[in-house]
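Quick mapping for you: the protein sequence lines, in order, are chains A and B.
The first sequence begins at 1 in this note's numbering and counts up by one.
The second sequence begins at 1 in this note's numbering and counts up by one.
Any given hint might turn out to be false.
To give a feel for the contact side, a few chain A residues facing chain B, derived at Cβ under 8 Å [said to hold, decoys possible]: (1) Leu24; (2) Val27; (3) Arg41; (4) Ser43; (5) His47; (6) Thr54; (7) Ala56; (8) Ile60; (9) Thr78; (10) Ala84; (11) Asn91; (12) Gly95; (13) Pro109.
Between beta-carbon pairs, the in silico distance windows are [as the list claims (entries may be wrong)]: (14) B:Ala61 with A:Gly37: 36 to 42 Å; (15) A:Arg41 with B:Leu185: 43 to 49 Å; (16) A:Arg41 with B:Glu146: 41 to 47 Å; (17) A:Phe33 with B:Trp57: 36 to 42 Å; (18) B:Thr29 with A:Phe33: 20 to 26 Å; (19) B:Gly62 with A:Arg41: 38 to 44 Å; (20) A:Gly17 with B:Met1: 24 to 30 Å; (21) B:Ile201 with A:Gly17: 35 to 41 Å; (22) B:Val12 with A:Gly17: 26 to 32 Å; (23) A:Pro109 with B:Ala438: 32 to 38 Å.
Hints listed in this document are in silico derivations from the structure and should not be mistaken for laboratory results.
Cβ atoms here follow ideal geometry from the backbone N, Cα and C, with glycine treated the same way.
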Amino acid sequence: MPLVGPLLLSAGATEAGPAAFASLLFVFLLATFIGLGVVTRVSRLLHTPLMSLTNAISAIAVVASIVIAGQDHPPVITLLGAIALAASMTNIVSGFLITDRMLKMFKRPGEEKRP
Amino acid sequence: MTFWLIEGAYLVASALFVMSLYWMNDPRTARRGVGAGVVAMTLAIAGTLLNPGIVNWGWIAGAVAVGFLLGVPLSWVPLTAVPQRTAVSHAFGGLAAGLVGVAKFYLWQGEPESFTAFRTFALVAEVILGFLTFTGSLMAAGKLQEVKWIPQRPVTYPFQNQANIGLLLVAVACGFALVWKPVELAALFPVIVVLALAFGILLIIPIGGADMPTVISLLNSYAGLSAVAMGFVLDNKLLVIAGALDGSSGLILSIIMCRAMNRSFTNVLFGAFGQVQQKAGAAEVRTAKRETPEGAAQILEMASQVVIVPGYGMAVAQAQQRVRELYDELTKRRIEVKFAIHPVAGRMPGHMNVLLAEADIPYDKLVEMDDINPEMPQTDVVLVIGANDVVNPAARHDKASPIFGMPIIDADKARMCLAIKRSMNPGFAGIENELYFADRTYMLFGDAKAVVGDLVKQLAGGSGLH
């Protein structure tokens, strides 16, 4: 039953018709506005960590890669999914780790001296 | 039940991703943002693994292991290499999106009813965006890493832009053909993939090093948009939300970078900046005044407010630690020291802040251009270290200058200016800097690390008793 996965992945979409597509457009629009609103408030000091953080976040492609690599498909498809999964996982791991590493360096005004 | 577990995990993950970015508004809460992101991603992955259709656990475990093996070392790169790392991870993001698109396309060949017009359209968008981000980002990473066989300087040839746009149009036309007949014309799909891969390379070739901060931000945006397109293909709201957050973040950063250089997107993408600019005219030979480290140290000692303008040259010379020692010496004497950060200082947005934070400069001393400029007339000494175009007053008045209109740090308005420079050669864009010939400017020639080291030695040795 290869179809079970993709159907479960979607919120109540028993059919991927124009209605589902339109509701996704609304989600996209609202998420973009939220993104613009939140990101304009990000401290300019932190734009480099911001980019590595969003890098990790957009590796959400991991969700799709898992489904493709994990389901019972021809080997070529599984391989494509596995490569996509490895690439996304790399971004998640390195993105979060390096963001945290950089943020740790930002010392508060009081704690500027190293012990 | 499983349905709600998965959807619930995705819902909480979406909220946490938004909070994650929200907490980045202040360095004090920013690490909490990383925590929120990690929790969100873990929830998303755990939710997905609950899918009953998943059987290839070995493949998943293997791919995740590879991700850790590559990801952990990639997070250890020196901070000067963070722009390259970022570009590489845009490339990985694009690759993942592209491959998922390819897999879906061939899976749907067996179930043609899946090819609704909307989905096919989204699939084509995902594949084009994903693969052009992949090769484009690899090219950008190569340029930033200064890989030998990738030219640093912009490469241009006749009808370049027309050819590139033509290529993209062919890919888009193939895409529309697929929307029309996805199964019969399936042979067009590999053509789209190849064209997208080629377009990514050709898009970056004519762009020079000075524009890399903008290009990285734009590629960031594309990587996000390819995730959004993937969300449309798979009818998955979490993908759309997370992709949109990334896309809008990249867009904002690109706009900030463009404004900081007074350029437009079209100009960055199709302008081939930093190329010729052979301004005819043997201008009159002007001489700059030199100063010795001893003299400069005395000048600094007598100041009450010093502003340091760092540029990427400081990082190339690995002078951050010396700069930190200079900061300590001056602060010890109750001299107010601030750092003036131009938005395009460094090689990606915010790069200079991270480089200085690594050297333990407290972040409240890192002041943005717009906030420091009003203080410049009251500043006793400006010390320019490895910066060039961002302090060139020609940007304000010389209409013939390629950087005319670019906002600059008003180093020339301070009471005195000291500039550390390797030699009198013009900077990256090949533009002569008027600041060096101004009445109140004194040059310190030499390697930034050595010169700042000398200044520190002078200040420490003299211990303020002159």
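Structure-based check of each hint:
A hinted interface residue such as Leu24 (chain A) counts as satisfied when its beta carbon comes closer than 8 Å to some beta carbon of chain B; here the least separation is about 6 Å, so the hint holds. The restraint placing Val27 (chain A) at the interface with chain B holds, with a minimum CB-CB distance near 5 Å, inside the 8 Å limit. Below 8 Å, beta-carbon pairs count as interface contacts, and Arg41 (chain A) has one with chain B at about 4 Å; its hint therefore holds. Interface restraint check: Ser43 (chain A) against chain B, minimum CB-CB distance 6 Å, threshold 8 Å, status holds.
Restraint check, His47 (chain A) versus chain B: the minimum CB separation of about 3 Å is within 8 Å; hint holds. Checking Thr54 (chain A) against chain B by beta carbon gives a least distance of about 4 Å; that is within 8 Å, so the hint holds. Residue-level restraint check for Ala56 (chain A) holds (minimum Cβ-Cβ distance to chain B is 6 Å; threshold 8 Å). With its C-beta approaching chain B no nearer than about 4 Å, Ile60 (chain A) sits inside the 8 Å limit, and its interface hint holds.
Taking 8 Å as the C-beta cut-off, the interface hint given for Thr78 (chain A) holds, the closest approach to chain B being about 6 Å. Satisfaction of the interface hint for Ala84 (chain A) is found here, the shortest Cβ-Cβ separation to chain B being roughly 4 Å, below the 8 Å cut-off. The restraint placing Asn91 (chain A) at the interface with chain B holds, with a minimum CB-CB distance near 5 Å, inside the 8 Å limit. For Gly95 (chain A), the interface hint holds, the least distance from its beta-carbon to any beta-carbon of chain B being 6 Å, beneath 8 Å.
A distance limit of 8 Å between C-beta atoms decides the matter here; for Pro109 (chain A) the minimum to chain B is near 4 Å, and the interface restraint holds. The given range of 36 to 42 Å is respected by Ala61 (chain B) and Gly37 (chain A), whose C-beta atoms sit roughly 39 Å from each other. For Arg41 (chain A) and Leu185 (chain B), the hinted distance range of 43 to 49 Å is satisfied, since their beta carbons lie about 46 Å from each other. Against the hinted window of 41 to 47 Å, the Cβ-Cβ separation of Arg41 (chain A) and Glu146 (chain B) comes to about 35 Å, which falls outside the hint.
Separation of Phe33 (chain A) from Trp57 (chain B) is about 39 Å and conforms to the stated range, judged on CB atoms against 36 to 42 Å. With their beta carbons about 22 Å apart, Thr29 (chain B) and Phe33 (chain A) fall inside the hinted range of 20 to 26 Å. Under the hint 38 to 44 Å, the C-beta atoms of Gly62 (chain B) and Arg41 (chain A), about 40 Å apart, fit the expected range. For the pair Gly17 (chain A) and Met1 (chain B), the supplied restraint of 24 to 30 Å holds, since their beta-carbon distance comes to about 26 Å.
The beta-carbon spacing between Ile201 (chain B) and Gly17 (chain A), approximately 38 Å, falls within the hinted interval of 35 to 41 Å. Taken as a hint, the range 26 to 32 Å holds for the pair Val12 (chain B) and Gly17 (chain A), whose Cβ atoms sit roughly 28 Å apart. In this structure, Pro109 (chain A) and Ala438 (chain B) meet the distance hint of 32 to 38 Å, their C-beta atoms being roughly 33 Å apart.
Hint 16 from the list above is the single one not met by this structure.
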